[in-house]
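Chemist: Chain by chain, the residues:
2 protein chains.
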Amino acid sequence: MPSSLKLIKKHKNFGGYTCYYQHDSFFTNTKMNFSCFIPEEGKVESCLLYLSGLTCTEENFITKAGVQQHLAKSKTMVIAPDTSPRGTNLPGEHDSYDFGSGAGFYLNATTPGYKDHYQMYDYVTKEIIEIAQKEFHIKKFSIMGHSMGGHGALIMGLREKNLFKSVSAFAPISNPTQSASAQKAFSSYLGNDRGSWKIYDATELLLAGYQRDDTILISQGTEDEFLEKSLMPNNIENAAKKMKQQLELQYCKGYDHSYFFVSTFIKEHVLFHLKALV
Amino acid sequence: MPSSLKLIKKHKNFGGYTCYYQHDSFFTNTKMNFSCFIPEEGKVESCLLYLSGLTCTEENFITKAGVQQHLAKSKTMVIAPDTSPRGTNLPGEHDSYDFGSGAGFYLNATTPGYKDHYQMYDYVTKEIIEIAQKEFHIKKFSIMGHSMGGHGALIMGLREKNLFKSVSAFAPISNPTQSASAQKAFSSYLGNDRGSWKIYDATELLLAGYQRDDTILISQGTEDEFLEKSLMPNNIENAAKKMKQQLELQYCKGYDHSYFFVSTFIKEHVLFHLKALV
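Chains as they are written, first to last, in the numbering used here: chain A, 8 to 285; chain B, 8 to 285.
Accuracy of the hints is not assured; some may be wrong.
Given that identical chains are not distinguished, each listed pair holds provided it fits within a single copy or across any two copies.
Cross-link-like lysine-lysine pairs, in silico, DSS-like; alpha carbons within 27 Å at most [to be verified]:
#, residue 1, residue 2
1, Lys-168, Lys-16
2, Lys-80, Lys-13
3, Lys-260, Lys-17
4, Lys-168, Lys-205
5, Lys-16, Lys-260
6, Lys-274, Lys-19
7, Lys-38, Lys-80
8, Lys-50, Lys-260
9, Lys-50, Lys-274
10, Lys-19, Lys-260
11, Lys-251, Lys-80
12, Lys-260, Lys-13
Hints were generated in silico from the structure; no laboratory data involved.
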């Protein structure tokens, strides 16, 4: 993949730089955007990928979570990709918040039209990784995410266990094949053969024997408005117990699904990953 | 002023609560919005007002600056009001980013139409203060702001020196009567008698003898795109020297005008104010 990486914006921030990049993506056949924070240019060795939730772009996390201060003195950068391709006009793509633009669900679509662009699993695990290696000389990766992006982090962490040194999630959609909203997206991206959905469902992956040697960290607010209908942490907790996957599921009393929750616990997640990235 | 304060949203955040409120404003004759962070409900004693810059609402600062973590263990809340009245349709009100909606300039307008709503100086120094006293039992106040809001903090801090225990600003418009963009707004809000503009210009207030006994803190990025045309820190620095006002003007090398600048130095500003609010 030849590089077309273009710096769009660069802001000094906590001694390092918060940057926005754009590039031509091989996997999505569109331009793609990501944001990043580079603690001290030229000295980074590892990268923490952050996958955002429904409706987000590359901007939400990098402006709202306050992650930069916790990486400022480290050798770890963070990259936060956009949540879907942009600029295409596929049927139904822009009609709802939980499918299409802003809602790529970090899978490789197989349905007509969508299969040509919505290849977010490969985009993150191959193309973003390659950009980080080539352009920023990154040697080690960890992954985290929020909500739909927590789902992305969990499935990528389970399926690419050698690539990612550690995995964590904030309020992840941890069993999407059981969530009505995600089911709608999965059927539109993957068709109605539910067997093909399982490789994009963290709970199903665990039950199928996918496993990590390290502990997966999940933080979940108890007042999260999506807790029971979309997130279902009990399901992944039960699957982890059954399959002996170490999982630290932290319930955070009184917290909801917003970035006010993420910003409160981001420091703990960053420290968790920095330990693994040493 | 009878209270019509209505809680719009409440998010647990760093052990406290980030909240959005709306109320009927006596001074603007509109509904007004503000955001706030309350470290531990019922225990706050003092309040740090934050005034935002052009185009901002009550949302920018509270979602982007990362202030909450620095107040979480204190007895000081923060209130961030919207930057103008909303919902009116005055002539020219919505035509440019630097006048009208999102650009109240923290003054009391005297021109037809605008004088009925754009009373942001009184709104902040009287109505917000009264709400904080009555509804949150606040006894002490300090004030800070960014850009246009830095201007607001400086003029209010100089004119209401007994009300505010300390004053700081990020990249303030410190001599608006000399800035082309602010001149346009001032003439539309106040008419063409430039004599009437001076009570809304921090540099002019200093030169007219307004003074504080404590040190005013200003942080200014050296790569700020508005530095020379709109902010002119040299002017306030010279006025402060001439009039023997203690001013700590910190140049922050490489920083621009964005919230990435504010978030980097917010901790220092908060600690500065917490000392004064003890």
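Chemist: Take the hints in turn and mark each one as holding or not.
Modeler: Here is how each hint holds up against the structure:
Taking the shortest alpha-carbon separations for Lys-168 and Lys-16, neither the intra-copy value of 33 Å nor the inter-copy value of 39 Å comes in at or below 27 Å. For the identical chains of this complex, Lys-80 and Lys-13 are intra-copy neighbours only, at 26 Å inside a copy versus 42 Å across copies, given an alpha-carbon limit of 27 Å. Within a single copy, Lys-260 and Lys-17 get their C-alpha atoms only as close as 37 Å, which misses the 27 Å cut-off; across copies the closest is 14 Å, which meets it. Only within a single protomer do Lys-168 and Lys-205 lie at most 27 Å apart by alpha-carbon distance; the minimum there is 17 Å, versus 65 Å between protomers.
Taking identical chains as interchangeable, the C-alpha atoms of Lys-16 and Lys-260 lie at most 27 Å apart only when they sit on different chains, with a minimum of 18 Å there against 37 Å within one chain. In this assembly of identical chains, the alpha carbons of Lys-274 and Lys-19 lie at most 27 Å apart whether taken from the same copy (20 Å) or from different copies (16 Å). With identical chains, the CA atoms of Lys-38 and Lys-80 are never at most 27 Å apart, being 32 Å at best within one copy and 44 Å at best between copies. Taking identical chains as interchangeable, the C-alpha atoms of Lys-50 and Lys-260 lie at most 27 Å apart only when they sit on different chains, with a minimum of 20 Å there against 38 Å within one chain.
Proximity of Lys-50 and Lys-274 under a CA criterion of 27 Å is satisfied in both settings, with 21 Å inside one chain copy and 26 Å between copies. Taking the shortest alpha-carbon separations for Lys-19 and Lys-260, only the inter-copy value of 9 Å comes in at or below 27 Å, while the best intra-copy value is 35 Å. When the C-alpha separation of Lys-251 and Lys-80 is checked against a cutoff of 27 Å, the pair qualifies neither within a copy, at 35 Å, nor between copies, at 39 Å. Within a single copy, Lys-260 and Lys-13 get their C-alpha atoms only as close as 42 Å, which misses the 27 Å cut-off; across copies the closest is 24 Å, which meets it.
Against the hints set out earlier in the document, violations occur for numbers 1, 7, 11.
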